[in-house]
Structures are given as structure tokens and as C-alpha cells.
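Student: Each chain is listed here by its residues.
There are 2 protein chains.
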Amino acid sequence: MNNTKVILHDVGLRDGLQSISKIVDTDTKLKWLQKLIDANVRYIQVGSFVNPKVLPQMADTDEIFMRINNGEVRKNSDTILTALILNEKGMERAINSKVDKILMGVSASETHSLKNTKMSVDEATNRIIEIAKQCRAEGFEIQVSVQSAFGCGFEGKIETQKVLSIVEKYVQNGINNISLADTAGHANPLAVESMFKRILNLDSDVELACHFHNTYGMGMLNVLAAINSGVKFIESSFGGIGGCPFTKVPAGNVCTEDIVHYFNREVIPNGINLNQLIELSKDAANYLELELPGYVYKTGAINWN
Amino acid sequence: MNNTKVILHDVGLRDGLQSISKIVDTDTKLKWLQKLIDANVRYIQVGSFVNPKVLPQMADTDEIFMRINNGEVRKNSDTILTALILNEKGMERAINSKVDKILMGVSASETHSLKNTKMSVDEATNRIIEIAKQCRAEGFEIQVSVQSAFGCGFEGKIETQKVLSIVEKYVQNGINNISLADTAGHANPLAVESMFKRILNLDSDVELACHFHNTYGMGMLNVLAAINSGVKFIESSFGGIGGCPFTKVPAGNVCTEDIVHYFNREVIPNGINLNQLIELSKDAANYLELELPGYVYKTGAINWN
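Line by line, the protein sequences are chains E and A.
For the first sequence, position 290 (counting from the first letter as 1) is numbered 284 according to the numbering used here, and the numbering increases by one without interruption.
For the second sequence, position 219 (counting from the first letter as 1) is numbered 213 according to the numbering used here, and the numbering increases by one without interruption.
Isolated chain E (complex conformation) (with noise of 0.2 Å):
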């Protein structure tokens, strides 16, 4: 472990619910998403702006930050909210929501960037990078994604040239702060490392940060294989609820209450308040009816050091 400065980005209100039929009320998210932040998780990706009659589960995420700017939410001084974007039409919703850092992306996959976007990975590129330079434009702090980044549920492997080619196309564009996302949960470790070492000998300026759905039960295998490999953003979620729903396989994201156990066990400083997310996943997991991938919400921290 050659990095302590790791910073988790929780995704559980937006990627989580998303996969989940139930629909959380609005009421329920903002009391989620206050323990969040009183539990020290300093990135939250608190929705998306996509069309409210394909994902009924992100429909409030407007009033979510309305309610936010009106103050019904205490943030801490380095608290910063997230939220996801698909177009222009999405990009203009979270400017006037005034997200803290708009998120948005396009797959290495053509099958499912033709099934997210109706365009190719090169169309959807360009407009994704016009889509972030606007953002930015308008003051607004970015990240950029790529899906798929490690496989794909319907067309199985990705070259990494092409992750590489659309990395590349963002750096270019002055775009550095670059997230890949194992939507189909394909990565192993030796993937991880060897992808994230070619994107920093490609521009060693490169911010990176990681989305592992834990699929195949190898999630913090990646995730310790990212963080080795100097990537600063771990993308995760409370419970570890979530999962794409247009993916073939889904499943849930790496949990950060484990995480974060991970690492108070292995002395790597977090300042997270463990008991606080705990408590978060076990009332999540009350009001959904659902057992959640995390484990340790289920069993308890280990109680000595």
C-alpha cells in the first residue's frame, strides 16, 4: 500500500438506488445523505439528472438539491456533492442545482454505448468532452468517466487501446480528472495496475479514481490494486448496494463501510466515523427489506487494535 491520501467517493444514493425498484423517498435520501456527511465521507454522489421515466429513482434529484441550497442539509467545510449527467439537457439541470462536481462519461464498449446513448463511442466522446468543457465554462468542477473500461457483459473484452484512445482524447481536451468504471465487474487486479500505469505514462497528471463493482467477488482485490497503482478517488458504496441496471450481470459496487474497516485495520488513516456508516447501512438495509452485499454492517467492526 503505497497511499495513504486515498480519498472514498461514496455512490450508494445515486448508483445504488438506481438498481433497486423500490424508490426511496426524498425525505429518506437527504437523512442518508446527512449521516453520510456526518460520518466524514467527504465525496457523495447524491444523483443524476437523467430522464425521470427511464430511472423513477433518481426523479428528485432537483428537489434533492434544492433542498440542499436551501440549507436543509449541514455540510462539512470539505464536503463536496456530486452528482451524475448524461447530455446537455442533464448538464443544465445540475448547473442550476449548483452540484459541487458534475460527473459525467461514455463507454469503451460500442454495444453498450449504443444501448446507454444510441451513439458510438467516438460521437459520444466528443459530445461528453463539448459537455464538460461547458461545465467548466460555467465554474464548474468535472470528472470524466470511462465504462467498461475493463470488460464489457455483452461484448467481453475491451482493448485497452480503446480505454486508452478515449483517456487520451479527454487529456487533450484539458480534461485530467479521468474515473474508469468496471461496469460489468470484469477487472483483476493485474488489469487494474497495468491499465492506471499506462494512463500515467500517457500524462503522469492524470487524477484518476476507480468504480469496482464487486461481481465476481475480486472488488477489493481492485480496489487495493488501485490504490497501489496512485489512483486518488475509490468510487464505492454504503451497503455496497448498487449495480448498473443496463449491464448484463449486475452487481453490487465494493462496500465503503468495508473499506473503510479495511483500513482502520490496516492503520491507513481515513478520518471516517466506521460506527456512523454502519449504522447508515443497517437502517438502508431496514427500509429497502433488502441484506445488502457489505459485510461488516452485518457483523461489526473487530473491537481491538
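Don't take every hint at face value.
Given that identical chains are not distinguished, each listed pair holds provided it fits within a single copy or across any two copies.
[Unchecked claim] Keeping only pairs whose Cα atoms sit at most 20 Å apart, straight-line, the calculated EDC-like set for lysine to aspartate or glutamate is:
no.: 1; residue 1: 25; residue 2: 86
no.: 2; residue 1: 163; residue 2: 94
no.: 3; residue 1: 151; residue 2: 260
no.: 4; residue 1: 191; residue 2: 260
no.: 5; residue 1: 83; residue 2: 104
no.: 6; residue 1: 25; residue 2: 54
no.: 7; residue 1: 25; residue 2: 187
no.: 8; residue 1: 16; residue 2: 153
no.: 9; residue 1: 226; residue 2: 104
no.: 10; residue 1: -1; residue 2: 277
no.: 11; residue 1: 25; residue 2: 66
no.: 12; residue 1: 163; residue 2: 116
no.: 13; residue 1: 109; residue 2: 57
no.: 14; residue 1: -1; residue 2: 273
no.: 15; residue 1: 191; residue 2: 132
If you're looking for bench data, these hints aren't it; they were derived computationally from the structure.
Given the coordinates of chain E, assemble chain A onto it according to the supplied hints.
Tutor: Using the frame of chain E, we list chain A on its own:
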């Protein structure tokens, strides 16, 4: 990953089934054993010679070996069938059953030792060493273990020195086939690396084995740390079934087919037929009417290279 000669030792038929209240009939156990052999799992823990009143799930271990010895199971030339014993009576049964390798151990936790054996750690260690010597004198291969080696559900922290002093006694008595069992699931990668390094410093000829539970979601990380520390045998179970019924927070073992799948993704030779293992775990989940903790038997393997 510095070692590709790791051998998986499947403990599902013993540590797995003893944790499940439903008693699996003998024919089914023999069928599952055959599937493990046919999948080229080389080391397979078949059962334990314990008091059937305490663990009725293991009551047919003598019968299983009798049927194995009668030729009902087709072994490969390198198949090693193992079984656990707790005391002299178990030893006699194991010897009569012509077990290929006899397993026995002590707990490093005084509380766990008293609960399991009504003896202190010292007393239990002396007794197990005598039993191990007798097994060897009868011509049997053996492996001794230290349970609760990385923490105890009752006591919490177990001093490394306590574990090392047991290991030292084993080695001083000429026994260098040693497994560390993380009974409570408390291990983390740094602790694993540190412990195995100190054992190899004590005696570089020790043939190391490990046994991890995935109680807190760190199972695969610990397996990786053990492999990187030079451990030869990984004890895991098909479907991830298992968990000592006499510890405080029981949870599944690391899962054999998930490890094989991980090895395959990392191109680590292992000779095991993953699809047959997946079929076994599906079969077991159906029979037991349980969702097992493993991942890959539910999702299927990633099917590209």
C-alpha cells in the same frame, strides 16, 4: 504474486457442512467429493472424526472413508484426502480409515481452547504434538494448525508471540507442516504478511498453509497476502460455505471457485476445472436450499481472455 505453485485444499465437506444444520446424506457427500476430485482439486478435506453427538453433520466420516477404501470413489494419482481429528479417539478412527493426511490443531486463544478442549493452550499443544507424533509413527502424513491465529471472537487480540510460541513447539518437535487458521475472520493483509514472515524467520523450511474466513470482506485480500508470503496451501471451500460453529461471529470460508476464477483471470496456472466446481456449488446450493456466500457460482465465470 510471487508464487504459482499454490495448492487449494477444499474444506467444504468438513468446515462447510459442519456449519450448516441440515445433515447432508452420505451418498450426496460422496457425489460432491467425486466432483471435487474430477475438478482436479488435489487436497480435499472429507470430514472430521469427532463426537457425533456434538457434530452430527460429521457422524458418517468413518463410513465415507470405508466406502472410499472400497473403491466407490475414483481418485486421481495425486488426490490427497484429509480429515480432522481432535483427540486420541479421533486419531484411532482416522488411522483405521486410512486417511491420506491427518489434520489436527490447537487454538492460540485460551478462551477458545477451553471452550473447545477444556484445556489450556499449553496442555492442548503438548497433547496434539504427541498425537501428531503417533500418527507419523503409524506412517501417516499430518498437518498441525493454530486456530484463532489472527484474533479471537471472545478475546479479541491474540499476541503474535503466542502464535509463534506454538509454532516453535511444533517445529522443535519436528513438525513443520503448519496451518494458521483465522477462525474469527480477524486477519488483515499486513498481519498475515507479518505473521508468515516471522514463522519463516523462525524456520525457513516450514511448509505453510492458511485458512481464512470472509467474515469482514477481507478474505481474498488475505489469500493474496498469504500467497505473497510464500504460503503453499490455501484452505477454502466450494461455494464459500462454512464457519466454525464455536466462534462468536461465524462466517463463510474463502470460496474455492472464486479463487480459481481469480487465478484464471490473472493467468496463474492451477489445473482446476472451474466449470465443474461451479456445477458443484450450484448443486450444493440447491440441495441445501441456501444462497451460498460464493460469487462465481451465481454469476458464472467471465468468458473471455
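Student: Taking the earlier hints as the rules, which of them does this structure contradict?
Tutor: 1, 2, 5, 7, 8, 9, 10, 13, 14 and 15
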